[in-house]
Amino acid sequence: MINLYIKPANAAVKQLYENHDFNHLGDAGFDLLMPEKVEFGQHSGSDLIKLIGFQISIYAEDAQGDPIGLFLTPRSSIYKTPFRQVNSPGVIDAGYRGEIKVPIEVTPNYLNKVASLLRPSLDLSKSEREQSDVAKKQAALPEPFSSPYISEDSTPIIPKLARLFQLVDPHLKGFKVEIVDRLPDSARSSDGFGSTGI
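Numbering-wise, this note's numbering comes out as the position in the sequence shown, counting from 1, plus 63.
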């Protein structure tokens with residue numbers, strides 16, 4: 064069993080984790096909560112890739128009290144959404160004390176489908192194109208993307224409290240979780256995401 068200590072960035076995030084009983088003692092993965100709604104664009108570039116912070120930092124140790132690293136991976140349910148983790152699996156080093164973050168990308172399949180839906184058809188008049196409502200566009204989105212992750216204007220969103228990602232013990236021994244106000248110090252501290260070179 065792995066001891067996982069979670070330090071929320073603020074009282075609101077602390078309350079989110081204290082009030083949600085979605086993990087069971089011994090589970091190999093610990094679900095991370097999206098602390099706030101995330102909105103994406105439907106075009107190119109930075110609109111479609113975001114580095115999302117979970118507003119928590121962590122420390123994990125094995126049964127002997129030795130620090131260990133963890134994986135950050137998508138949950139299986141992410142297949143129902145238009146998203147994917149760019150660096151899957153992510154590695155959280157034992158000495159990292161910064162905010163847990165994940166780079167998320169909107170999938171090309173979703174983008175291609177939306178582009179074809181939003182592209183004006185030569186066979187339709189202007190008034191007919193204007194009558195093409197949001198519901199019809201959403202109904203034609205590629206399966207199995209589900210509506211909680213698509214806004215009314217067909218742009219991708221991640222709702223607050225969504226659980227798309229998880230921390231995973233490399234040995235799949237499971238977690239015993241504790242919410243704390245302070246974590247042990249380390250030499251690495253909060254340096255992450257390429258801080259040691261590309």
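FYI, nobody ran anything at the bench for these hints, they're computed from the structure. Among the hints, a few may not be true.
Derived CB-CB ranges, DEER-like [claimed, not checked]:
no., residue 1, residue 2, range
1, G116, D244, 14 to 24 Å
2, I242, K100, 14 to 24 Å
3, G89, P130, 18 to 28 Å
4, K143, G116, 33 to 43 Å
5, P205, R245, 43 to 53 Å
6, P205, G132, 28 to 38 Å
7, D216, K239, 42 to 52 Å
8, S214, M64, 17 to 27 Å
9, D125, P205, 41 to 51 Å
10, H87, K143, 15 to 25 Å
A virtual CB, placed ideally from N, CA and C, is assigned to each residue, including glycine.
Verification of the supplied hints:
For the pair G116 and D244, the beta carbons lie near 19 Å from each other, so the given range of 14 to 24 Å is met. Remark: the range hint 14 to 24 Å for I242 to K100 is upheld by a beta-carbon distance near 23 Å. Between G89 and P130 the beta carbons are some 21 Å apart, a value that agrees with the proposed interval 18 to 28 Å. Distance hint check: the CB atoms of K143 and G116 are about 23 Å apart, inconsistent with the given range 33 to 43 Å.
In this structure the supplied range 43 to 53 Å holds for P205 paired with R245, their Cβ-Cβ distance being about 45 Å. P205 and G132 have their C-beta atoms about 35 Å apart, which keeps the hinted 28 to 38 Å range intact. For D216 paired with K239, a C-beta distance near 43 Å keeps the hint of 42 to 52 Å intact. Separated by about 41 Å at the C-beta atoms, S214 and M64 break the suggested range of 17 to 27 Å.
Restraint check, D125 to P205: a C-beta distance of roughly 42 Å satisfies the suggested window 41 to 51 Å. The beta-carbon spacing between H87 and K143, approximately 22 Å, falls within the hinted interval of 15 to 25 Å.
When each numbered hint is compared with the structure, violations occur for hints 4, 8.
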